[in-house]
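> In order, the protein sequences belong to chains Y and W.
Position 145, counted from 1, in the first sequence is what our numbering calls 1006; the numbers after and before it change by one each time, with no gaps.
Position 101, counted from 1, in the second sequence is what our numbering calls 140; the numbers after and before it change by one each time, with no gaps.
Hints may be right or wrong, so weigh each one.
Calculated lysine to any residue pairs in the SDA-like style (CA-CA distance at most 20 Å, straight line) [unchecked claim]: (1) Y/K1062 - W/G106; (2) W/K140 - W/Q86; (3) W/K92 - Y/P924; (4) W/K141 - W/A98; (5) W/K92 - Y/S1183; (6) W/K92 - Y/G926; (7) W/K141 - Y/R1186; (8) W/K140 - Y/P924; (9) W/K92 - Y/Q939; (10) W/K92 - Y/K1062; (11) W/K92 - W/M80; (12) W/K47 - W/E58; (13) W/K113 - Y/I913; (14) W/K140 - Y/L1152.
To give an idea of the interface, some chain W residues facing chain Y are shown, with a C-beta separation under 8 Å as derived from the structure [to be verified]: (15) V44; (16) Q86; (17) P89; (18) K92; (19) G97; (20) A98; (21) R118; (22) P120; (23) W121; (24) H122; (25) G123.
Pairwise CB distance ranges (calculated) [to be verified]: (26) Y/D986 - W/Q52: 41 to 51 Å; (27) Y/Q1163 - W/E139: 24 to 34 Å; (28) W/N107 - Y/V916: 19 to 29 Å; (29) W/G87 - Y/D986: 29 to 39 Å.
Quick caveat, the hints were computed from the structure, so don't treat them as lab data.
Glycine included, C-beta positions come from ideal geometry on N, C-alpha and C.
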Amino acid sequence: MAKQPIPLVDTDIHERVQYRELLEYLDEPFRHYISNCHWLQEKHMPYTQPSIAGVDRADAIVPDGRPAGSDLAFMQEQLLDDVGHEFGILTGALDPSPSSMHGWHEMAAALASAYNNWQIDKWLDKDERLYGSVHVAAQDRDEAVTEIERVGSHPKMVQVLLPIDDIMWGDPYYHPIFEAAEKHNLMIGMHHNEPPIYYGKWPRYFIEWHTLIPTAHMKQVTNMIFNGVFDKFPNLGLIMIEGGFTFIPHMMWKMDQQYRDLRHEVPWLKRKPSDIMKKQIRFCTQPSEELSKKDFTSLLEQMGTDEMICFATDYPHWDYDSPYRALPNLDPELKKKIFYENAKNFYPKIPNTREGYHEGTSCL
Amino acid sequence: MKEQVVCKTSDIQPGEMKESIFGKQNVLICRTPDGNFYAFMNQCVHQGAPLDKGMMCGANTSQSEPGNYHHCRKGEIIRCPWHGREFDIKNEGRMLANPEKKLPSFKVRVEDENVILYK
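All chains should be built: construct the whole structure from the sequences, respecting the hints.
Right, dumping it as structure tokens:
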């Protein structure tokens, strides 16, 4: 009997907007600020970019010269059709980054709404494999809740995206965002934007920043757990996107030990942190270190579960993980969990089947 | 001995590279700025990226001191289009950061206008 291919849910695909495309989705005066006043997203990164085509794969630039990730047809050809994805989660976010704007929150909220409409119109409605992320201006909590109420019930929106930047989202002030997400069966996806990993500043080199991104993810996980988000919202899940996974055992051990000593300070925590992580927190595998099968298996044993990590490519970014080459050769049952079932079980809005779906259409 | 014309010398200018087919293999033909030809498997040894979509460029060498870049080897280094790994064209395709790893290479000779790969 022929080997059954393993289906793939890709938990991190970056679609990209060009601001002129957003204009038709923006109301005035915000359209005017872009089209006439030359508004651009604030950017801070001091480095030239790491590879040869900015933060993108050089071969992902659209053949007509448009930026990588900006054209559905080319993404289909290069990624979705080539690999044979069952489902892919769009994680946009880098441009614009509404929740990372450090001022002018009205503009941030307008951009988030326009982006969601653009995402639905140009991507989610156009390819049945693609599912989306609700963009919000979360620094304006009440606007964020309004936006989640507006688009959160869309059948293809599966999570609310929050940046890992300089706001710790577990603070009770932001809990209405989680309440709204839970109400609509949306998970929380967190992706770093410009994490203040160096005491609020940038390190001297990109390689330092990129090496230490997981520390920014660890801060948010710690913050969300000890602020009691997961007992307060038992149906909420959190997925940490693009921070890797090899730090998970350390976090579980450290938080459990701290909880045994210091529970008195966070009495709203009803379960030990590692149990919360196993049940409600997931981690994308990308960017994967080059682990041997022995080391990879050992890590899973240390986690005590093989259901916490989900495969992601991060297409079209420079540190793309190939579904064929990024992880060591795994046994089929485990491989199916990491490439498909773990993400499928995490997102309640991803269906068991889709029209035109045939189990195992991927090349994995 | 298996050999095959993979392109004409005029197809690749010094400092450029191009993909071609050798038997059933996708290969990368590089022409360094001194005019010489080199050939490698057109697939990164890391995660399989198509190297012809990368770049032939120089390198910041190991002679660099902290805070002071020493840049040379213009056109003698292949950088992968994905993760940016660097391979030394003139040193058997060895990875700069880990010379134990190298791109599989092919022998090349030029006869008249023909670039010929052989094993």
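> Hints numbered earlier in the text: which of these fail when held up against the supplied structure?
8, 10, 15, 19, 20
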